[in-house]
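Q: Each chain is listed here by its residues.
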Amino acid sequence: MFELLGVSPQVLFGQLLLGLINGSFYAVLSLGLAIIFGLLNIINFAHGAQYMMGAFVAWMLLQYAGVGYWWSLLIAPLVVGATGIVIERLFLSRLQNVDHLYGLLLTFGLALIIQGVFRNEYGVSGLPYGIPRELAGGNNLGFMFLPNYRAWVVVAALAVCIVTWLVIERTRLGAYLRAATENATLVGAFGINVPMLVTLTYGFGVALAGFAGVLAAPIYAVNPNMGADLIIVVFAVVVIGGMGSILGSIVTGFALGIVEGLTKVFYPEASSTVIFVIMILVLLVKPAGLFGRAA
Amino acid sequence: MPEAVVRPFPAPKPAAAPLLSVRNLQAWYGESHVLHGIDFDVAPGEVVTLLGRNGAGKTTTLRSIIGILRKRTGSINFDGQETIRLPARQIARLGIGYVPEERGIFSSLSVAENLILPPIIKPGGMTQDQIFTLFPNLRERLFSQGTKLSGGEQQMLAIARILRTGANLILLDEPTEGLAPVIVEQIGHTIARLKQDGFTIVLVEQNFRFASTVADRHYVVDQGRVVDMIRNDELDANIDKLHSYLGV
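Top to bottom, those sequences are chains A and B. Letter by letter, the first sequence follows residues 170 to 464 of the working numbering. Letter by letter, the second sequence follows residues 6 to 253 of the working numbering.
Bear in mind the hints are in silico, worked out from the structure with no lab data behind them. Hints may contain errors.
Derived Cβ-Cβ restraints for the label pairs, each shown as a range [as the list claims (entries may be wrong)]:
#1 A/LYS455 <-> B/PRO128: 17 to 25 Å
#2 B/LYS127 <-> A/GLU338: 39 to 47 Å
#3 A/ASP268 <-> B/ILE125: 33 to 41 Å
#4 A/ASN289 <-> B/LYS127: 51 to 59 Å
#5 A/ALA234 <-> B/GLU145: 39 to 47 Å
#6 B/LYS76 <-> A/LEU259: 51 to 59 Å
Using N, Cα and C, we set each Cβ at its ideal position, and we do this for glycine too.
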């Protein structure tokens, strides 16, 4: 087999796959953040904790109720989304008319509380969650070994991103959402229930984080800190894609995962910082992000 | 200033029972008291204008009626229902359509999406074909971005999307502002056609020459109050007084 700059194809494609998997999580999480920021103008710092909750709900369903992965993939996002709805109704809806910084501080505080509660209850060593039987094993593609579950993660994340994008760009509900992002007051004056739209949108964005958490549970150990480690990178992805840009968050999420994977191959020392370097460069050249519109 | 400016104007009753009745409407932007007691009635099928100088309170009156401005007191009765405590979305659902001064065309939506954005709230709204007969330009630009239209086309789109909804009272805020004379004339024909079709219209205008071509009656607003009412057929006889009100 060929080698690229002295790197064997197994290593290259293996890291590309890892990058694609990380990119899948970046895309789904940044998509949720972008939707929430677009309509609510809130930087949802609790997103990482809500991703972690998704993984924990899946683990609890299995541990305490014997509910397996596939049902968890449906139930956990609904449960986490429902907690998001409660948070929006109880707290965020009261912050509509104050500086956006308050929303950031509130969700940051909530993230600390949620993580603290789970850390207190389950410790930080991580809980195992098995790969579902149907997706065990993998396929040898000749140039690399492709584990089935990891391929599923990429496909599922891509499908969720595409469906979400289609709903936002091609349906009447999506038109309400885009219009309310521009001028919520006028949309309300047309007879559309904007507060309900805001609540459900936040719930959906949070449910996406929960969905990503369930996808992550069999790959990473279910750990109270799993979201905190990831969320900073995801924020960088959102900034690079353009705050509030749906397409930007999806494309940038997958692309940066791959860039990160390639960096691990060719210059491993920079792999944990490459996304932030790109963020700085993008902010210097295009402050609104690659897909964002200047204010 | 004419004497009428300084005393409350008793709103005359229109011949038919009013579709919209506004009494002692007061409104605030934050701590700033903007409307000091607006009174007027609009009968079904009437076109009524609110005339006045910049900052007189005309736009604020419309924003208060539709409920965008929440800090308001007094009474707004639409079709027998008191709306002063209702949020905008519920007021719209009673059958009031609002076309804002800045037109409110959404840049992230195509013309087609802008057109069908407001939900149908009552039967009796125009079909898309009827709308395209009234505004043929819109049919040709359906897939353009809403804000790529000319000012006149955007105004037509802003009016058209309300006509679909079945709203029977339309609040039109300065529809001719910044438009070329030929487009203003077209907007005038549209309003006349809507009147023929039985729509009731409250029109905010600074251009009283345009208003006189479409309206039945004119309420003059000054410093947050209605200070006079002039029937359109009496406009010529009252032209000096009107000039004085408007500072022309």
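Q: Given the hint of 39 to 47 Å, check if A/ALA234 and B/GLU145 actually sit that far apart at their C-beta atoms.
A: Violated - the Cβ-Cβ distance for A/ALA234 and B/GLU145, about 59 Å, lies outside 39 to 47 Å.
Q: For B/LYS76 and A/LEU259, compare the CB-CB distance with the range 51 to 59 Å and indicate the outcome.
A: Given about 25 Å between the Cβ atoms, the range is violated.
Q: Cβ-Cβ distance between B/LYS127 and A/GLU338: within 39 to 47 Å?
A: violated (29 Å)
Q: Starting from the hint 33 to 41 Å, judge whether the C-beta atoms of A/ASP268 and B/ILE125 obey it.
A: About 38 Å separates the Cβ atoms of A/ASP268 and B/ILE125, which means 33 to 41 Å holds.
Q: A range of 51 to 59 Å was offered for this pair. Does it hold for the Cβ distance of A/ASN289 and B/LYS127?
A: With a Cβ separation near 55 Å, A/ASN289 and B/LYS127 satisfy 51 to 59 Å, so the hint holds.
Q: Evaluate the given range 17 to 25 Å for the C-beta pair formed by A/LYS455 and B/PRO128.
A: violated (49 Å)
Hints 1, 2, 5, 6 from the list above are not met by this structure, while the remaining hints are.
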